[in-house]
Amino acid sequence: MTDHDAALERPQRVTAVPTTLTLEELASERPESPWRLTWRRFVRHRLAVASAVFLLALFVVALLAPWIAPYDPNAIDLQLAQFGRPAAPSLAHPMGSDQVGRDLLSRVIHGSRVSLAVGFLATGFAIVVGTVLGAVAGYLGRWVDMLIMRVADMMLAFPPLLFLMAVLVGVRPTALTISIAIGVINWMYVARLVRGEFLTLRTREYAEAARAIGVPAWAIIFRELLPNAMGPIIVSATLSIPAAILTESTLSFLGFGIQPPTASWGNMLQNAFTYLRDYRAWWMGFYPGLMIALTVLAFNFVGDGLRDALDPRSRID
Amino acid sequence: MDATPPRRDQPPTPSTPGELLRVEDLRTYFFHRGITVRAVDGISYQLDRGEVLGVVGESGSGKSVSGLSLLRLIDSPPGRIVSGRIWFDGQDLLRLSEAEMREIRGNEIAMIFQEPLTSLNPVFTIGDQIVEALVLHRGMTKAQAREEAITLLARVGIPNPAERFKAYPHQLSGGMRQRAMIAMALSCRPKLLIADEPTTALDVSIQAQILELMKELQRDFQMAMIFITHDLGVISEVCDKVNVMYAGRIVEQGTTPQLFTRPRHPYTWGLLDCLPKIDEPRRQRLTPIVGQPPNLARLPSGCTFHPRCPYAWDQCRAAEPPLFQLPEGQTVRCWLYEPSRAEAPVRLVTREELQLQRTVERRPLLEVDGLVKHFPITRGILQRKVADVVAVDGIDFTVNRGETLGLVGESGCGKTTTGRLVLRLLEPTAGSIRFDGVELRTLRGDQLRSFRRRMQIVFQDPFSSLNPRRTVGSIIAQPIEVHRLAQGREVEERVRHILERVGLNPAYANRYPHEFSGGQRQRIGIARAIAANPDFIVLDEPVSALDVSIQAQIINLLQDLQHDLGLSYIFIAHDLSVVRAVSDRVAVMYLGKIVELADNVEFYSNPLHPYTKALLSAVPRIDPTRRGARQRIILQGDVPSPINPPSGCRFHTRCPYRFTPCDKVEPRLRDIGSRHFVACHLYDPEFAKQAGLAGKAIPATEAVVGSPGRG
Chain A
1 MTDHDAALER
11 PQRVTAVPTT
21 LTLEELASER
31 PESPWRLTWR
41 RFVRHRLAVA
51 SAVFLLALFV
61 VALLAPWIAP
71 YDPNAIDLQL
81 AQFGRPAAPS
91 LAHPMGSDQV
101 GRDLLSRVIH
111 GSRVSLAVGF
121 LATGFAIVVG
131 TVLGAVAGYL
141 GRWVDMLIMR
151 VADMMLAFPP
161 LLFLMAVLVG
171 VRPTALTISI
181 AIGVINWMYV
191 ARLVRGEFLT
201 LRTREYAEAA
211 RAIGVPAWAI
221 IFRELLPNAM
231 GPIIVSATLS
241 IPAAILTEST
251 LSFLGFGIQP
261 PTASWGNMLQ
271 NAFTYLRDYR
281 AWWMGFYPGL
291 MIALTVLAFN
301 FVGDGLRDAL
311 DPRSRID
Chain B
318 MDATPPRRDQ
328 PPTPSTPGEL
338 LRVEDLRTYF
348 FHRGITVRAV
358 DGISYQLDRG
368 EVLGVVGESG
378 SGKSVSGLSL
388 LRLIDSPPGR
398 IVSGRIWFDG
408 QDLLRLSEAE
418 MREIRGNEIA
428 MIFQEPLTSL
438 NPVFTIGDQI
448 VEALVLHRGM
458 TKAQAREEAI
468 TLLARVGIPN
478 PAERFKAYPH
488 QLSGGMRQRA
498 MIAMALSCRP
508 KLLIADEPTT
518 ALDVSIQAQI
528 LELMKELQRD
538 FQMAMIFITH
548 DLGVISEVCD
558 KVNVMYAGRI
568 VEQGTTPQLF
578 TRPRHPYTWG
588 LLDCLPKIDE
598 PRRQRLTPIV
608 GQPPNLARLP
618 SGCTFHPRCP
628 YAWDQCRAAE
638 PPLFQLPEGQ
648 TVRCWLYEPS
658 RAEAPVRLVT
668 REELQLQRTV
678 ERRPLLEVDG
688 LVKHFPITRG
698 ILQRKVADVV
708 AVDGIDFTVN
718 RGETLGLVGE
728 SGCGKTTTGR
738 LVLRLLEPTA
748 GSIRFDGVEL
758 RTLRGDQLRS
768 FRRRMQIVFQ
778 DPFSSLNPRR
788 TVGSIIAQPI
798 EVHRLAQGRE
808 VEERVRHILE
818 RVGLNPAYAN
828 RYPHEFSGGQ
838 RQRIGIARAI
848 AANPDFIVLD
858 EPVSALDVSI
868 QAQIINLLQD
878 LQHDLGLSYI
888 FIAHDLSVVR
898 AVSDRVAVMY
908 LGKIVELADN
918 VEFYSNPLHP
928 YTKALLSAVP
938 RIDPTRRGAR
948 QRIILQGDVP
958 SPINPPSGCR
968 FHTRCPYRFT
978 PCDKVEPRLR
988 DIGSRHFVAC
998 HLYDPEFAKQ
1008 AGLAGKAIPA
1018 TEAVVGSPGR
1028 G
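Same order as they appear, the protein sequences are chains A and B. Numbering follows the numbering used here, in which position 310 of the first sequence is assigned residue number 310; successive positions increment by one, without gaps. For the numbering used here, add 317 to where a residue sits in the second sequence, where the first one is 1.
Treat the hints as calculated values from the structure; they're not laboratory data. Yeah, the Cβ is synthetic: ideal placement off N, Cα and C, and Gly gets one too. Be aware that one or more of the hints could be misleading.
Unchecked claim - Interface residues of chain B toward chain A, partial, derived using beta-carbon atoms under 7 Å:
| hint | residue |
| --- | --- |
| 1 | Q764 |
| 2 | R766 |
| 3 | R769 |
| 4 | I774 |
| 5 | F776 |
| 6 | P796 |
| 7 | V799 |
| 8 | T970 |
Claimed, not checked - The following residues of chain A were derived to be distant from chain B, with all beta-carbon distances above 10 Å:
| hint | residue |
| --- | --- |
| 9 | A88 |
| 10 | G124 |
| 11 | G170 |
| 12 | R202 |
| 13 | Y206 |
| 14 | A210 |
| 15 | V215 |
| 16 | T262 |
| 17 | F273 |
| 18 | Y279 |
Next comes chain A alone, as it looks inside the complex (with noise of 0.2 Å):
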């Protein structure tokens, strides 16, 4: 009985080590799905942890804000301003006032809605063009990739800032307008980001797959390579949002924005800046400024948290 010789041969082509589980996935008791690895790895960053603590925060109070408010935002409070010089801050304004007389305080937190109104509408415009057409250029590729890519390029043409005063000048501005104007101006990164995340997926072989299956091309794109897609596009928004509150408050410095009196932290600095030379008025422009940088650093420490947590290196796929 031949119990010993045998030919076995196994040149493999594909290095695939096989089964060797990352260190999380042995260690985890009860295995999780991927949303739950990506979540444990987030909270890891302290740094991420507090400024998503802080943001929600914010969010909070902006939902809020006519309830949270102590004043008006739009009261003129001629008694406190006298002559036209804004109040310095006192316990009953925190934040003092501005020439008028209206609390700053409650024009900060009333402004925070409409920064962070047009932060997420921009970007959410933004995101939502810019990935269905990036994604569709980069798995359909060919013909349908030169267009699309070739009308981003026609819009990165364009001196952003520029574009922005020019269709605002012919447009009234209100929040909404801002926000498409932002996202127009916006979507062509996220575009390109997302065609290269899906020239790199289409090449899986689940994708493959799908097509063996008889799966359609719009049903590949956005059931099944989409969700692996979703990584870089959260990390993307995420940083967008501050982009496009900045550049709502550079627009509202520079009048092209949200017009007073309603509050913005943009057209408050842009207030601000008169007083603080001819009065030492110091609070007008501190606490708009202080407001957006501190919004704008959160978004930027989470959206890095986020971009760890989705590290494509220990990414299942």
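Dock chain B against the given chain A, drawing on the hints supplied.
For chain B alone, coordinates are given in the frame of chain A:
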């Protein structure tokens, strides 16, 4: 108490005068969030100068980690060498400082890895990388080092070494890159070379070349080698002694002849039994090792192998066996060998004799005629076509109902492309594909979709072929839903049923792919393929990426499904022994053409084409007693580029039997009787007459398989 400081430990007295390396109770653990993964859990062995040790095991065995531990290349935050000694030439490597260790690495001990593309720095030429090592360790000047590097490149068999000196890694083929890595490793004349799966990523014929080279160099340089691999055939060809590792421990040790003539541990028996052997009678049903390789963070109690061991009894579950010494230096870690046991262990040879009776009716299901696929290469802004990659260049074949056609060849031969073309995942450039009488190339839209239901594919890589964001249940349900074969609750029912059919627990339907092992994922891939009740499945190297012991399980599953569901398969592979177990007919491809096509038994007992003979001869055999005696046909050179295939017969540049017409006229695939087709002038009576070979058989270098009678 004694107040003198402890003396530096003396090395132990070596057991033999030529001892170079002695490892004592080495343990390397990885720590993560409170869990300890015992990758290497107390291994001890010894190696003499010039000796070759093989370390064999599957995933999770700790073989790679043990090699890295020798050079202290373990990533320190998660991993740590917690205890043990590594005595190398009188020094304990674990006590050295990092600076002293750097002197050892590359200089006294060198290492080569599995995938040269990732192990070589892509932004430096290979010449520069060799020079770097020489300048660092041997103190040469740049000019001297350059000379030496070119000499080394020639020594490892790289043609035009002075030219290749300036090449970047991506410009070389896999075999050349591995040679370059070997040259780098040898540049400082190390005393010990650690090779971690150096030939696993290479084609069969290239693997044979590299193994020959390594044996030669080992002899010439009198180097000790540690050869880490999962491939017992390679061990048999190259190594003097063997450690079999499982779950971080050595379970058996012995010399190579001892291991193969008198294997002791049940795991070793399992490894030897579970794969088809090319020079034994054909077995369609394989004997797998049940279960999976262990999860190192959750090891079983007692003997770590007991859940998969057919001989396990209570003691095995209760306590871990020590390493028992056997006569003639063999050791084994198994309770079967406890000295107090009265009976000697009996190895049960359980060969399943069940032969699946499958009468293959010769009714064609798939007919391919003149299939051609060119991939254009474009240059410039306007994307002008400058050349074509000729992936598939006019092939004809037929797959009958219920039959398995094995399609073999090395990288670049076009077999994977053919699999895709047949399913119209790629559009053919020319040719016809008829499925059940219907020409596939003309189908569109919904018609095409309904044909897709009947033709499915299983991919090679179980990791990337499943969408990581979908649950297993939804992956399997997808074909059912797309083709509207069931609705609502019934879909769930079907999914559960299919999971059971492929050997998975139906309760796992809402888990994600990454929670499963490689073998289990491949089962999921198979489940997806059969979900819509297809007639025909293309299996694209379905077991190549799996552990040896799991391969047999999957092959058996595929055979069972074929029998029960009446499926027809195209089985694409480069492993000739596996193809032999599953195929009814076998076709060999080379550079886009089919060079030989025959029934299974005929193919393996009477291979005709010189390329086929070379492939069969390159398969490493497990028979160390005849190591030198076997004549192998080692093909020279690399596979030519498909962009500019050779004139006439594509194989003529590497063919040992080349004669006059071979570089001028392309041979056709001709029927030479008993349904055996060959594309070679040697078998063309016209040409053979010219060359005076009429009636003469080609000189056989070796009978590659057993006699046809036992088939």
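How the hints compare with the structure:
1. The closest approach between the C-beta of Q764/B and any C-beta of chain A is roughly 11 Å, which is over the 7 Å cut-off, so the hint fails.
2. For R766/B, the interface hint holds, since its Cβ comes within 7 Å of a Cβ in chain A; the closest pair sits about 4 Å apart.
3. At a threshold of 7 Å, the smallest CB-CB gap from R769/B to chain A is about 4 Å, leaving the interface hint in force.
4. Interface restraint check: I774/B against chain A, minimum CB-CB distance 5 Å, threshold 7 Å, status holds.
5. Using the Cβ-Cβ criterion of 7 Å, the hint placing F776/B at the interface with chain A is satisfied: the shortest such distance is roughly 5 Å.
6. The closest approach between the C-beta of P796/B and any C-beta of chain A is roughly 5 Å, which is under the 7 Å cut-off, so the hint is satisfied.
7. Proximity of V799/B to chain A holds as hinted, the smallest CB-CB distance being about 5 Å (cut-off 7 Å).
8. Of the supplied interface hints, the one on T970/B is violated, with its beta-carbon coming no nearer than about 21 Å to a beta-carbon of chain A, more than 7 Å.
9. With a least CB separation of 53 Å from chain B, A88/A remains clear of the 10 Å interface cut-off, as annotated.
10. Non-interface call for G124/A relative to chain B: holds, since the shortest CB-CB distance, roughly 22 Å, exceeds 10 Å.
11. With a minimum CB-CB distance of about 38 Å to chain B, G170/A clears the 10 Å threshold, and the non-interface call stands.
12. In this structure R202/A is separated from chain B by more than 10 Å, as the shortest Cβ-Cβ distance comes to about 12 Å.
13. Against chain B, the non-interface label of Y206/A is violated: not every CB pair exceeds 10 Å, the least being about 4 Å.
14. Non-interface status of A210/A relative to chain B is broken: a Cβ of that chain comes within 10 Å, the nearest being about 7 Å off.
15. The claim that V215/A is not at the interface with chain B is violated, since a C-beta of that chain comes within 10 Å of its own (minimum 6 Å).
16. Even its closest Cβ contact with chain B, about 42 Å, leaves T262/A beyond 10 Å, as expected for a residue assigned away from the interface.
17. For F273/A, the shortest C-beta to C-beta distance to chain B comes to about 50 Å, beyond the 10 Å cut-off, and the non-interface label holds.
18. With a least beta-carbon separation of about 57 Å from chain B, Y279/A lies farther than 10 Å from that chain, consistent with its non-interface assignment.
Consistency with the previously given hints fails for numbers 1, 8, 13, 14, 15, ordered from lowest to highest.
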